[in-house]
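Visitor: Chain residues, written in single-letter form:
Number of protein chains: 2
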Amino acid sequence: MRLKLKKEDLNKGLQAVQKVAQNKSNNISSENGLLIKALHGIIEFQANDYDMGIKITVPGIIEEGGEAFIANPYLMELTRRLPSDEIEIIKEDADTQLMIKGGKLKFECLTMNPDDFNEVEIVENGYASFTTTSVVMKDLIDNTSYACATDVARPIFMGTYLDVQGDQMTMVATDTHRLALKTATLDEPVDNPLQAVIPSRLLSEISRQLPTDIPETVEITAVRNYLAVQFGNVYIRTRLIEGEFPNYRRVIPSDFKCVVTVDRAEFTGAVERASIVAKDAQYNVINFIVADDQIKLMSQHPDYGTVEDYVPCHLEGQGLDISFNGKFILDILKHCHDSEVILKSKENSPMLVQDKEDTSCVFVVTPMRTK
Amino acid sequence: MRLKLKKEDLNKGLQAVQKVAQNKSNNISSENGLLIKALHGIIEFQANDYDMGIKITVPGIIEEGGEAFIANPYLMELTRRLPSDEIEIIKEDADTQLMIKGGKLKFECLTMNPDDFNEVEIVENGYASFTTTSVVMKDLIDNTSYACATDVARPIFMGTYLDVQGDQMTMVATDTHRLALKTATLDEPVDNPLQAVIPSRLLSEISRQLPTDIPETVEITAVRNYLAVQFGNVYIRTRLIEGEFPNYRRVIPSDFKCVVTVDRAEFTGAVERASIVAKDAQYNVINFIVADDQIKLMSQHPDYGTVEDYVPCHLEGQGLDISFNGKFILDILKHCHDSEVILKSKENSPMLVQDKEDTSCVFVVTPMRTK
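Quick note, the sequences are listed as chains P and G, same order. Residue 76 is where the first sequence starts when you use my numbering, and the numbers rise one by one after that. Residue 76 is where the second sequence starts when you use my numbering, and the numbers rise one by one after that.
Derived from the structure by calculation, the hints contain no laboratory data. The reader is advised that the hints may include incorrect statements.
The list treats identical chains as one, so a pair stands whether inside a single copy or across any two.
No more than 25 angstroms apart at the CA atoms, straight line, and that leaves these computed lysine-lysine pairs for DSS-like [stated by the list, open to error]: (1) Lys179 x Lys354; (2) Lys402 x Lys176; (3) Lys371 x Lys176; (4) Lys79 x Lys421; (5) Lys82 x Lys176; (6) Lys79 x Lys332; (7) Lys354 x Lys176; (8) Lys87 x Lys402; (9) Lys94 x Lys332; (10) Lys354 x Lys181; (11) Lys402 x Lys81; (12) Lys176 x Lys213; (13) Lys181 x Lys332.
Note that the structure is predicted; figures quoted are calculated from it, not measured.
For reference, chain P alone in the conformation it holds in the complex (with noise of 0.2 angstroms):
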C-alpha cells in the first residue's frame, strides 16, 4: 500500500474513528483498532468495536492499493503534529511495518493482520428509514440525551428515544427524575413509524461527528437489532437498546396551578450561586418559593452555611413551595436558549420548564420531598 494524502484529510479520517478504535471497554483486540483500507480507488479508514462502527472515505492518491490493521495509541498525537502538509503512507505487502512520512519526519510502526478486522457492515434494508439535516439531528440530540441515566442496572434509562411518527421525529430521554424531549418536523413523512432506543453515549460520539458549519442531510436506516447514520462521507452503525421505552407522553405533565416566566440568565445565575453551598450536601437540594412576583431560593450546606437570594419573576395563579435537586434545574437552564422561560407546576408535582417562544424542547423534573 502506497498512499499520498493531506494532513487534514489524514486527520479527518483518523479523527472520525479514533474514539471506537481506541475503545478500551473490551478486550477483543480485533475490536481495537483501525483499518486503513485503499482499494478500487477509494481510500477508506474504519473502526469497529462491539457497539458501534464507523467508516469514513477520505481523499487521496493511491499509488498502490492495500490495506493496514494498526492499533496504535500514537497515531493521531503524532499525525496531527507531522511537520508537513503532504503525508505519505507506505506499507509493503510482505512487510508488517506501516511507515507514515511527512517532511523529514518518518514513524515507524507494526500492524496487525487484516483479515482479523471485523469490518463495518453496511446495513440494506431497514424496516423504517427516513432523512434529516446534522443541524436538526445534532440538535436533537444534544438537548435530550444529557437527560438519560447513568445507572447500568437499567439499560433502557442509559438510552434516547427516537420515536419517528408521520412527519414528527422526537427524541426523549429520562432518568425517571427528570426528562427532555424535542421534536422536529420532517420535510417528508415516514412509510414506516421508527422507534429505536439509541445507547446515550454513542448519540454523544455521533453528535461530535455531525457537521454543523455547513449542514449536511443525514440518512437514518433502522433494522431491528441496529441503526444505520449516513452523512457526507460517513457511515456509522450503532447498536440499539432491547426493551421497551416507558410511555413519555404520558410523564408530561398539563395540569398546573402556578405558571411563572423568569428571566432565563438571572434565574440560572441564582441557582448557580445556590448550588455552591448545595452542590456537595446530599442531592443538592434547592428550595424555592414563589410569591409576589418573585422566587427566593434557599439552599443549605450543615457545616458551610446557608445562601439566600431572590429573582424577580412574572406569576400567573397561585403561589409555589417547591425543592429540587439544584442540578436538574442547571441543565434545563443550560439547554434553554430564549431570554425568558416559563416554569409551570403545582405543589408536589412535577415541573415543566420551557423556553418561552420555542415550544420544541420539553423539560420535566420532579420535585423532591424535604418535609
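Starting from the known structure of chain P, fit chain G onto it as the hints suggest.
Guide: Quick look at chain G alone, frame taken from chain P:
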C-alpha cells in the same frame, strides 16, 4: 464587625490568601482558614499554615471594627459570583455567624474563635535584605524552580537556592539530573550576602502573586529560618529548607567539543514529536546525533514504533551522539525565549543550553547512558 467592600477588592484579598487558607496538608484546624481583621482603619486578610504566612490589606469602609476566623471551602466561589459590586460583611461580636451580602443574596456561615488563629508575624530584623522588582523576581523564579526535585527523600533539592552577593542575585534549582540557573543584577549591592533555600512549591505561590502588569518593588528580608517577601499591600513569610545547597558553579560545564546553534521552534517541534512515542517508555529517551549541520532525533516505544526526524543546525567543532530524557530538553526549551538556542557539549558529558543572545539563563542536563 461591619465592612463595605467592592467585590473586586474582596476577591483580590481572598484570592491572595486562598491557597494557604485551604492547605490540606496538615490537620491542625488553626492552620486552616483565614482571618478577616478590621482594626485601626485597616482591613486585612490573613492565612497561615505551617509553611507560609500571608497578609494582604484591602481597601474598604469599616463601619464597625472586629475580626472573623473562617474556614469555608465555598467562600471564594460564592464571592466571585455575587450579583453586586458592593459587598457587605457583617458579624455581630456576640454571634458566631458571619453574613456576606451582595445584591439580594445573603450568605451566612459559621466562624471560629479568632484567638485560635495563628497570626502572621512581621519579620523585623533579618541578617540581610535587598530590593528588586516583581518582574525580575517572577522571572527568576519561573525560569529556575521548575528544575527542582520532587523526591521528598532529598529535601534540599526540593528547594530553589537564592544566592545574593554584591549586586548579583542568582536563583538555582536542580534535581541532580538537570539544573536551571538565572542571574539578575540589582540596582544596589547588598551589605551582607544572603543565601536561602526556599521550598519551590512556596516560590510558585509567591510567583503567582507577584504583579507583572505594573512592576512593583519587592523587599526581601532573610532571617535564619524564614524569608519575608513584601510588595504592594502583600506580605509573605515563608519557611526555608535547612541544609547546605551544593556548589552549583562546579556543576556547570565549561569545556566543550561540540557547539550547535539551532532554531528554537524547529528544534522544540522535533523534540515534541520524538517524545510522543518516548514519553510512556522508560525515561523518555531521545537519541540526538549531530553531524553535517543537522540534528537527527530518534526515539522508540517497544510496542508502538519508532520516530526519526531531522532538524537543520549550525555545528562548530565535532559531531556528537548523545541521549537525553526528552522531557528535560522540552522543559529547557520552554524556558528559552530567543529565536535560536545554543547547545554545548561533548561525548558522555552534561550539555549546556542557553538562549543565543540572552545568556542570563543557564540550563544544564545530564545525558543518559544507552549503550
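Visitor: Work down the list of hints and note, for each, if the structure agrees.
Guide: Hint check results:
1. Lys179 x Lys354: between (53 angstroms within a copy, 21 angstroms between copies)
2. Lys402 x Lys176: between (49 angstroms within a copy, 24 angstroms between copies)
3. Lys371 x Lys176: between (63 angstroms within a copy, 15 angstroms between copies)
4. Lys79 x Lys421: neither (65 angstroms within a copy, 41 angstroms between copies)
5. Lys82 x Lys176: within (11 angstroms within a copy, 56 angstroms between copies)
6. Lys79 x Lys332: neither (67 angstroms within a copy, 42 angstroms between copies)
7. Lys354 x Lys176: Close across copies (21 angstroms), not inside one copy (51 angstroms); limit 25 angstroms.
8. Lys87 x Lys402: neither (35 angstroms within a copy, 29 angstroms between copies)
9. Lys94 x Lys332: neither (47 angstroms within a copy, 48 angstroms between copies)
10. Lys354 x Lys181: between (50 angstroms within a copy, 17 angstroms between copies)
11. Lys402 x Lys81: This pair counts as neither: shortest intra-copy Cα distance 44 angstroms, inter-copy 30 angstroms.
12. Lys176 x Lys213: neither (36 angstroms within a copy, 42 angstroms between copies)
13. Lys181 x Lys332: Cα proximity of Lys181 and Lys332: none, with 70 angstroms in one copy and 29 angstroms across.
Going through the hint list in order, the structure does not satisfy hints 4, 6, 8, 9, 11, 12, 13.
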